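Chemist: What follows is the residue order along each chain.
Protein chains: 2
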Amino acid sequence: MDTIEIMKISEGVEWAAHCCLLLDWMGEDGPVSTARLAAGYGLPAAYLNKQLQPLVKAGILTSTAGKKGGFRLARPLGEVTLMDVLAAIEGPAEAFQCAEIRQNGVWADLPASAFRAPCAIDAAMRGAELEWRRALAARTLASIQSDAELQAPGLRTQVREWYARPRQ
Amino acid sequence: MDTIEIMKISEGVEWAAHCCLLLDWMGEDGPVSTARLAAGYGLPAAYLNKQLQPLVKAGILTSTAGKKGGFRLARPLGEVTLMDVLAAIEGPAEAFQCAEIRQNGVWADLPASAFRAPCAIDAAMRGAELEWRRALAARTLASIQSDAELQAPGLRTQVREWYARPRQ
DNA sequence: GCGCGGCTACTCGGATATAAACTGTCCGAGTAGCACTGG
DNA sequence: CCAGTGCTACTCGGACAGTTTATATCCGAGTAGCCGCGC
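Residue numbers (this note's numbering), protein chains in the order written: chain A, -10 to 157; chain B, -10 to 157.
Because the hints were derived from the structure by calculation, they are not lab data.
Computed from a predicted model, the values in this text were never measured in an experiment.
You can take every hint at face value.
The list makes no distinction among identical chains, and a pair is therefore deemed to hold if it is satisfied within one copy or across any two copies.
Listed below are the simulated DSS-like cross-link pairs for lysine-lysine, each with C-alpha atoms no more than 27 Å apart in a straight line:
no. : residue 1 : residue 2
1   : K39       : K56
2   : K(-3)     : K39
3   : K46       : K57
4   : K46       : K56
Turn these sequences into a full structure, and let the hints guide you.
Modeler: This is the structure:
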């Protein structure tokens, strides 16, 4: 087994996005607890809870404690982008971090003016990453939900029925 | 200190890109050993060697052993893109890996036809990532080198002089 | 003088430790509902 | 019957381990140059 899977985005991003969609579908029924969310996707409940916490801090979800508590959307899905979800979990830092190694050796003797302009490699990487972030920011969870419902009509009621049915 | 720096791209990518540029500048002087490359950027030599190995396997560099051995560019910088370098080191896998968690719980009872279409979240993430990869593939190392030389004219000769000068 | 053989120094390449991050689990503080009690 | 109060069950939130990945280092196989020797 030699599966290469590096530069991986935390799976928490996928979990969080799915949960946001589900929270919208279940929105009228009040908060949904971590246990129920996890059951709906076959995920470890405690870890899912840990992954959703940053979304609360980011203002995407609200959490209520107590007997009938759980998570709820803090704002409509149309105002939440994939970029918001990813930034909440993975952090705002960029994927490529230039260490300015050019200043360590060969270029150490160059005048400081040579470093006014950013490293050309860094600039190119940042530019490409910006494209990525722009595409993510242009995509709201509402549009994704719309796509999902288009692929499988009646998804909303189906989900609500599944959750209404008593779990074994 | 709580600096968030996740979803990080391996620093080997930056090292490799810089080394490719330098190998082009030094191209006429024969192979450049890991030790000299590392000295030029203040990097750990053994680890840099480890990072450059995938570039050899990817056909970007060629390595020659022996007394005056080292690394050399396998093809001109105009035929090497940032995407090539990143794919060589980080692997060809995509950053976002959809685990299809939708099939685990709520949607388990849906007919198989509902899963013919890919997960809407996965589709959106892949689309954004594709933009990123496209931008990286459009950028050759030659164009980056051109930018660097534009910012600091005479860089080529300066680098060659630094390497010609005996190290202390 | 010239060719050849052995030697040496240096190279890459992979196997081996160490540190960091991600993944997963557990328990406690706190709260909202609810039942009970007294008026 | 109704309001107040204490209790209980359930929630999130953060503190605590296990496992994979990234980082760093070291040593061996192998090669190219070079020196010395013999012809």
